[in-house]
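Colleague: Okay, here's what each chain looks like letter by letter:
2 protein chains.
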Amino acid sequence: MICLRKVAIIGVGNSKFGIRNDVNVAELTFEAVKPSFEDAGLAAKDIEFVALGSAGAGAWYEELLPAVVAAEYCGLTKAGLVRCEAACASGSAAFQTAYSVIASGQAEIAMVLGVEKMREIDSLTAMEWIGRAGYYFWEFHNFGLTFPAYYALYANAHMAKFGTTEEDLALVAVKNHKYAIMNPLAHLQNKITVDDVLNSMVIASPLKLFDCCPMTDGAASLILASEEKVKQLDVDTPIWVAGIGCSSGTANLSKRPDYVGLEASVLAAQRAYKTAGISPEQIDVAEVHDCFTIAEIMAYEDLGFCSKGEGAKMIREGQTEIGGKIPVNVDGGLKAKGHPIGATGCSMIYELTKQLRGEAVEKGRQVQLKNYIALAHNIGGTGHYCYVTILRR
Amino acid sequence: MICLRKVAIIGVGNSKFGIRNDVNVAELTFEAVKPSFEDAGLAAKDIEFVALGSAGAGAWYEELLPAVVAAEYCGLTKAGLVRCEAACASGSAAFQTAYSVIASGQAEIAMVLGVEKMREIDSLTAMEWIGRAGYYFWEFHNFGLTFPAYYALYANAHMAKFGTTEEDLALVAVKNHKYAIMNPLAHLQNKITVDDVLNSMVIASPLKLFDCCPMTDGAASLILASEEKVKQLDVDTPIWVAGIGCSSGTANLSKRPDYVGLEASVLAAQRAYKTAGISPEQIDVAEVHDCFTIAEIMAYEDLGFCSKGEGAKMIREGQTEIGGKIPVNVDGGLKAKGHPIGATGCSMIYELTKQLRGEAVEKGRQVQLKNYIALAHNIGGTGHYCYVTILRR
Numbered sequence: 001m002i003c004l005r006k007v008a009i010i011g012v013g014n015s016k017f018g019i020r021n022d023v024n025v026a027e028l029t030f031e032a033v034k035p036s037f038e039d040a041g042l043a044a045k046d047i048e049f050v051a052l053g054s055a056g057a058g059a060w061y062e063e064l065l066p067a068v069v070a071a072e073y074c075g076l077t078k079a080g081l082v083r084c085e086a087a088c089a090s091g092s093a094a095f096q097t098a099y100s101v102i103a104s105g106q107a108e109i110a111m112v113l114g115v116e117k118m119r120e121i122d123s124l125t126a127m128e129w130i131g132r133a134g135y136y137f138w139e140f141h142n143f144g145l146t147f148p149a150y151y152a153l154y155a156n157a158h159m160a161k162f163g164t165t166e167e168d169l170a171l172v173a174v175k176n177h178k179y180a181i182m183n184p185l186a187h188l189q190n191k192i193t194v195d196d197v198l199n200s201m202v203i204a205s206p207l208k209l210f211d212c213c214p215m216t217d218g219a220a221s222l223i224l225a226s227e228e229k230v231k232q233l234d235v236d237t238p239i240w241v242a243g244i245g246c247s248s249g250t251a252n253l254s255k256r257p258d259y260v261g262l263e264a265s266v267l268a269a270q271r272a273y274k275t276a277g278i279s280p281e282q283i284d285v286a287e288v289h290d291c292f293t294i295a296e297i298m299a300y301e302d303l304g305f306c307s308k309g310e311g312a313k314m315i316r317e318g319q320t321e322i323g324g325k326i327p328v329n330v331d332g333g334l335k336a337k338g339h340p341i342g343a344t345g346c347s348m349i350y351e352l353t354k355q356l357r358g359e360a361v362e363k364g365r366q367v368q369l370k371n372y373i374a375l376a377h378n379i380g381g382t383g384h385y386c387y388v389t390i391l392r393r
Numbered sequence: 001m002i003c004l005r006k007v008a009i010i011g012v013g014n015s016k017f018g019i020r021n022d023v024n025v026a027e028l029t030f031e032a033v034k035p036s037f038e039d040a041g042l043a044a045k046d047i048e049f050v051a052l053g054s055a056g057a058g059a060w061y062e063e064l065l066p067a068v069v070a071a072e073y074c075g076l077t078k079a080g081l082v083r084c085e086a087a088c089a090s091g092s093a094a095f096q097t098a099y100s101v102i103a104s105g106q107a108e109i110a111m112v113l114g115v116e117k118m119r120e121i122d123s124l125t126a127m128e129w130i131g132r133a134g135y136y137f138w139e140f141h142n143f144g145l146t147f148p149a150y151y152a153l154y155a156n157a158h159m160a161k162f163g164t165t166e167e168d169l170a171l172v173a174v175k176n177h178k179y180a181i182m183n184p185l186a187h188l189q190n191k192i193t194v195d196d197v198l199n200s201m202v203i204a205s206p207l208k209l210f211d212c213c214p215m216t217d218g219a220a221s222l223i224l225a226s227e228e229k230v231k232q233l234d235v236d237t238p239i240w241v242a243g244i245g246c247s248s249g250t251a252n253l254s255k256r257p258d259y260v261g262l263e264a265s266v267l268a269a270q271r272a273y274k275t276a277g278i279s280p281e282q283i284d285v286a287e288v289h290d291c292f293t294i295a296e297i298m299a300y301e302d303l304g305f306c307s308k309g310e311g312a313k314m315i316r317e318g319q320t321e322i323g324g325k326i327p328v329n330v331d332g333g334l335k336a337k338g339h340p341i342g343a344t345g346c347s348m349i350y351e352l353t354k355q356l357r358g359e360a361v362e363k364g365r366q367v368q369l370k371n372y373i374a375l376a377h378n379i380g381g382t383g384h385y386c387y388v389t390i391l392r393r
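Protein chains in written order, with this note's numbering: chain A, 1 to 393; chain B, 1 to 393.
There could be a bad hint or two in this list.
[Said to hold, decoys possible] Just a few of them, taken from the derived set where beta-carbon distance is under 8 angstroms, the chain B residues facing chain A:
hint, residue
1, 63
2, 80
3, 82
4, 85
5, 97
6, 103
7, 266
8, 381
[To be verified] Every beta carbon over 12 angstroms from chain B, so not counted as near; a handful from chain A, in silico:
hint, residue
9, 22
10, 41
11, 48
12, 104
13, 123
14, 157
15, 199
16, 252
17, 263
18, 282
19, 309
20, 321
21, 359
22, 366
No wet-lab data here; the hints were simulated from the structure. Beta carbons are placed, not taken as given, at the ideal position from N, Cα and C, and that holds for glycine.
All chains, please: the whole structure from these sequences, using the hints.
Modeller: Structural data, given as structure tokens:
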């Protein structure tokens, strides 16, 4: 039996992404919360439950209890509260938790926050912390793998098996920078060419500097409500949660069956499609987890936007640009909008809500809506976690 | 509208609590997972979703992604996965998340894990980390408050307002040590007297060493199932989740209305009682958050076991011992069973499940069951978070 209590997104907000040394973690959160309240026409007192996604508490920023500090700053004290961590998918995990609390009848209105401050510490220390987002005991500590190296293993395998080239990877970066320029919230605002990517510093071969997303500060806020509350509030354009699929992957990369795709993505997507009762062809617009360019190409395949091994063809043919078969990361993606770890999942849903409402028009980034269905794909670690969230207008 | 999909606990496990330098975080988790599988008659493949409560990843133990590492070690890879953090209430937060995923129809069987390894690092560093579990920016960094000092503020206020004495606080420790001796899983196994407590080293006046819980390593595991699955599996004695209430409190202690109780406890309890449709008088046995002795006395009052200011009388009269009005922490509590932060909430529910099933008899700690209702009260920080969970046979 499935409990059919429907849940909708009724308010969204997103802070400016970038290097935000001008604010602390609570102030940064508020920058996303304020517009989400205005968007929903609600106030802090209306929120019964808050789930905050953040991964780096005590690591790349100092507050060990960011949820309580941010909640108090935003006037949310007395609401139920939890911090969710699923590495870089923390925002999506928080989304599922708040969704479930409403869907199970424990609350009528809940808030999902995602926030991360990654630029308070020096970059070498930050890199060490992020390197732990695998199997610290074996892979970081004993083999010295950093995070780009994890994905470089996948890039090399994908290139060897399917003939994907460094130019194909570069095209992903070029596309996502192109859209970031059209997104005032994005961290990186520079136009780049394939040659710029190919000539940038090698980080972990074949990945170069411009194949990697930046370390970004940022926050996003989403307000969710039950179907009854949506009716009662007479919400203009509620965006419904059609299905969530999640999966974990092995902590040990050595236990993976292959290195050309992420099993957790495939499983999470299958589960989400099944719950939503849709197939990939029906999706109008997607946000996928492009922490490195290879990750976006693997996502096309793992999510069923094309067959396995055909991901590079998608980007070469422009199928994931606006006007193509399925526009992907038209807000700039992690690659250029930026990747504040805990905020990313929420920021994806922020963008998709705007797209499904038709509110990306003024930015010149509006995709054409046919089925009014959108998909967010958020990875934690190197497929250690995956959340796929399907939304429907 | 409340969605009435019922959820039950069908399997429980608890590791030995103590200084566990013999195991890593994954191995420690497995010590709780294995008996929970045996208890439920299930295997890893049956688990669709896992929520793990742990607060100190990257702080007092090194793995930054304990959920993926522990899940893989226990064979749970491919299940949906999230780590929940609510400071010392992380285990209860994970419980609510897994409960909600089942109650909303997203899974039939889920697992809740709580784990913490606190003894890998030196005690001064550990104390600094735990001191951050307030408002780090203001209270730890600028005023130098450590965690016992937060609770000492409350103890002093309670003594000043209600005449609670240091002997009353000591009686809580004496009671909880008494029961810990009867619990082979407990960390501290020594009998203590009121004089032992009064003569122990002052940590933060009026709290002395024996007023404080130890820093403990430990894990607990709970398997939850939907009502349909409980029927299908023909579970002997399912223990039903009757209601969960949660609340947050201000990060700033300076913003609290008073220092004689925790507002988050009062709110969470009210919400849990309302959902479960019960009153405090109906509770047969309770686990409350006694990180410091004063915390247990305040909990009696905040949970409505007595009126405000009457908590000390409860302990003086032995009303919270087995045979008294409402037995509390008869497994030794945080004070003597130990307080592995992320595991505590799950371990409370482990104990209550055993009690409600009547399985604490062989340990001599079985309480008399009248209404077959039990309550777990789990605080994060100094009332920054509170979760109250009501169970019913």
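Colleague: None of the hints should be skipped; say for each whether it holds.
Modeller: Verification of the hints:
1. About 5 angstroms separates the beta-carbon of residue 63 (chain B) from the nearest beta-carbon of chain A, less than 8 angstroms, and the hint is met.
2. Taking 8 angstroms as the C-beta contact cut-off toward chain A, the hint placing residue 80 (chain B) at the interface holds, the least distance being around 4 angstroms.
3. With a least beta-carbon distance of about 4 angstroms to chain A, the hint placing residue 82 (chain B) at the interface is held under the 8 angstroms criterion.
4. For residue 85 (chain B), the shortest C-beta to C-beta distance to chain A is roughly 4 angstroms, which falls under 8 angstroms, so the interface hint holds.
5. The beta carbon of residue 97 (chain B) comes within 5 angstroms of a beta carbon in chain A, closer than 8 angstroms, and the hint placing it at the interface holds.
6. Annotation: residue 103 (chain B) was flagged as interfacial toward chain A, and the flag holds, the nearest CB pair being 4 angstroms apart, inside 8 angstroms.
7. The restraint placing residue 266 (chain B) at the interface with chain A is violated, with a minimum CB-CB distance near 10 angstroms, outside the 8 angstroms limit.
8. For residue 381 (chain B), the interface hint holds, since its Cβ comes within 8 angstroms of a Cβ in chain A; the closest pair sits about 6 angstroms apart.
9. No beta-carbon of chain B comes within 12 angstroms of the beta-carbon of residue 22 (chain A); the shortest separation is about 15 angstroms.
10. Against chain B, the non-interface label of residue 41 (chain A) holds: every CB pair exceeds 12 angstroms, the least being about 22 angstroms.
11. At the 12 angstroms boundary, the C-beta of residue 48 (chain A) falls inside the reach of chain B, the nearest C-beta of that chain being 9 angstroms off.
12. Non-interface call for residue 104 (chain A) relative to chain B: violated, since the shortest CB-CB distance, roughly 4 angstroms, does not exceed 12 angstroms.
13. The beta carbon of residue 123 (chain A) sits about 17 angstroms from the closest Cβ of chain B, which is more than 12 angstroms, so the claim that it is off the interface holds.
14. Listed as a non-interface residue, residue 157 (chain A) keeps its Cβ farther than 12 angstroms from every Cβ of chain B; the least gap is roughly 20 angstroms.
15. The beta carbon of residue 199 (chain A) is kept farther than 12 angstroms from every beta carbon of chain B, the shortest such distance being approximately 33 angstroms.
16. Some Cβ of chain B comes within 12 angstroms of the Cβ of residue 252 (chain A); the nearest lies about 7 angstroms off, and the non-interface call is violated.
17. With a least beta-carbon separation of about 8 angstroms from chain B, residue 263 (chain A) fails to lie farther than 12 angstroms from that chain, contradicting its non-interface assignment.
18. Look at residue 282 (chain A): its CB is around 21 angstroms from the nearest CB on chain B, clear of 12 angstroms, so calling it non-interface holds up.
19. Every CB of chain B is more than 12 angstroms from the CB of residue 309 (chain A) (nearest about 23 angstroms), matching its label as outside the interface.
20. No Cβ of chain B comes within 12 angstroms of the Cβ of residue 321 (chain A); the nearest lies about 32 angstroms off, and the non-interface call holds.
21. The Cβ of residue 359 (chain A) sits about 29 angstroms from the closest Cβ of chain B, beyond the 12 angstroms cut-off, so the non-interface label holds.
22. The beta carbon of residue 366 (chain A) sits about 32 angstroms from the closest Cβ of chain B, which is more than 12 angstroms, so the claim that it is off the interface holds.
Checked against the numbered hints above, the structure violates hints 7, 11, 12, 16 and 17; every other hint is satisfied.
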